[in-house]
Structure formats: structure tokens, C-alpha cells
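A.B. asks: Sequence:
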Amino acid sequence: MKIFAVGLNYDSHNREMRRTFEASEPVIFMKPDTALLRNGNPFFLPDFSDEIHYETELVLKISRLGKNIAEKFAHRYYDEITVGIDFTARDLQRKLKEKGLPWEIAKSFDNAAPIGDFIPKTVLPDINNINFRLDINGATVQQGNSRDLIYSFDKIIAYISRFFTLKIGDLIFTGTPAGIGGVSINDRLEGYIEGNKLLDFRIK
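Here the sequence shown is numbered in our numbering, starting from 1 and rising by one per residue.
Source of the hints: derived by calculation from the structure; they are not laboratory data. It is possible that part of the hints are untrue.
Said to hold, decoys possible - EDC-like mimics (lysine to aspartate or glutamate), calculated; alpha carbons at most 20 Å apart, straight line:
1. Lys197 to Asp187
2. Lys204 to Glu190
3. Lys204 to Asp135
4. Lys121 to Glu194
Stated by the list, open to error - Label-pair distances were calculated between CB atoms; the ranges are:
5. Phe73 to Asp200: 33 to 41 Å
6. Gly100 to Asp11: 21 to 29 Å
7. Lys197 to Asn129: 15 to 23 Å
8. Pro120 to Asn186: 30 to 38 Å
9. Lys95 to Gly181: 16 to 24 Å
The beta carbon of each residue, even a glycine, is placed where N, CA and C say it ideally should be.
Between the sequences and the hints, there should be enough to build the whole structure, so can you do that?
C.D. replies: Pasting the structure below:
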């Protein structure tokens with residue numbers, strides 16, 4: 001099982017991070033399966049970072065084998081969706097970027113990809129108009145809508161499949177909107193799609 005993630009996919013987040021360039025194609029990176037955190041298990045703050053940031057994202061689950069998928073057929077390759085967190089060791093990432101070095105360890109460490117319960121995409125009226133949000137300790141800290149994606153779900157799937165064979169169960173984190181921030185011990189994170197709570201865990 002592979003975990004793909006898309007960077008720079010919401011204008012609001014790009015402005016938030018003061019990025020001055022535009023990506024002409026989707027920006028893709030990967031996380032190992034050891035990054036998954038499921039079933040409401042707690043996230044333990046690692047000892048190698050003092051600045052762990054949440055990035056709330058819609059996550060697609062691939063439902064059929066595919067390679068070089070045409071964009072017009074991409075909607076056939078996923079049938080479930082949830083909300084997830086792309087945890088980032090921001091201080092570590094910043095240091096690595098300043099040196100021009102790869103920064104996988106800042107994004108792909110153990111448990112850096114919590115995911116919620118999946119729901120069928122058919123229960124959502126419009127896959128291109130999905131509201132999602134993250135609450136921390138009962139207060140909404142981040143919210144977004146799939147209509148604001150720079151690259152749509154179908155474009156992402158088509159692009160990734162040019163380089164990687166997609167297999168059943170692969171996951172795609174589709175990007176984060178503005179509103180990222182840090183987490184602390186005892187925080188409770190709850191993720192929602194259209195008012196349905198799908199993700200609920202604590203920071204330890």
C-alpha cells in the first residue's frame with residue numbers, strides 16, 4: 001500500500017506559506033505505510049521536533065488497479081473518501097529546505113498520516129464541493145472545500161498514474177488549505193466532512 005500526498009494544491013495555503021511560485025503540475029510526495037495512524041489511536045509527539053504542525057486534507061482510497069489513467073476516467077478509480085492529517089515537523093523541514101536537502105523525514109515519520117473512517121463518495125451530493133474541517137479542543141482551526149483545489153481529484157489521479165501504478169487500497173492526501181498550526185500534548189483533534197465526524201484522536 002502506498003500513500004501519496006499533494007503539495008501546493010490550495011491557493012490559500014500557498015499564500016499562508018508565502019510561496020511566490022506556481023506549480024505547473026501537481027507536486028507529489030510519498031509517505032510509507034508506517035506513517036498511518038488509524039482507529040483513533042493517539043499521536044505521540046516525537047523527540048526530534050519542537051514544531052509539529054497539522055495539515056488537514058481530504059483523502060481518497062483507490063479502488064481499482066490503474067496505470068496511465070485518462071483524466072476523464074479517473075473518477076472510476078476511487079469510491080471512498082475521508083479526512084486525514086499530514087503531520088509535518090516544520091522546524092526540521094525548514095532546516096532541510098534551507099540546505100537544499102530532501103525533507104521526507106519531516107513528513108514521513110511514523111504516525112505522520114492519521115486518517116479517519118472512510119465513507120462512500122456516493123453519499124456526497126457533489127464531489128467537487130465537499131466541506132471539511134478540523135476542530136482542536138472543540139474550536140474550528142482549519143476548514144476547506146474541494147472546489148478550491150488547484151488540481152482536482154481526477155487530475156491528481158491521472159497525473160500520479162503516469163509515474164506509479166495505482167493499486168487497490170492506495171491512499172491520496174489531496175492537499176491542505178490555509179489554517180495550519182501546531183499541536184500540543186492533550187490536544188483533541190476531530191476531523192469532519194460535511195458535518196460528519198470521521199476522525200477523532202488525542203496528542204500525547
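A.B. asks: Next, verify each hint and record whether it holds.
C.D. replies: Each hint tested on the structure:
Restraint check for lysine 197 and aspartate 187: the C-alpha separation of about 17 Å stays at or below 20 Å, so the hint holds. Between the alpha carbons of lysine 204 and glutamate 190 the distance comes to roughly 15 Å, so the proposed pair stays at or under 20 Å and holds. As the CA atoms of lysine 204 and aspartate 135 are separated by approximately 17 Å, the hinted pair is consistent with the 20 Å bound. Under the criterion of a C-alpha separation no larger than 20 Å, the hint pairing lysine 121 with glutamate 194 is consistent with the structure, at around 12 Å.
Take phenylalanine 73 and aspartate 200: their Cβ atoms lie about 35 Å apart, and the range 33 to 41 Å holds. Separated by about 26 Å at the C-beta atoms, glycine 100 and aspartate 11 satisfy the suggested range of 21 to 29 Å. Remark: the range hint 15 to 23 Å for lysine 197 to asparagine 129 is upheld by a beta-carbon distance near 20 Å. At about 34 Å, the beta-carbon gap between proline 120 and asparagine 186 stays in the expected band of 30 to 38 Å.
For the hinted restraint 16 to 24 Å between lysine 95 and glycine 181, the CB-CB distance of approximately 19 Å keeps it satisfied.
Taken one by one, the earlier hints all hold for this structure without exception.
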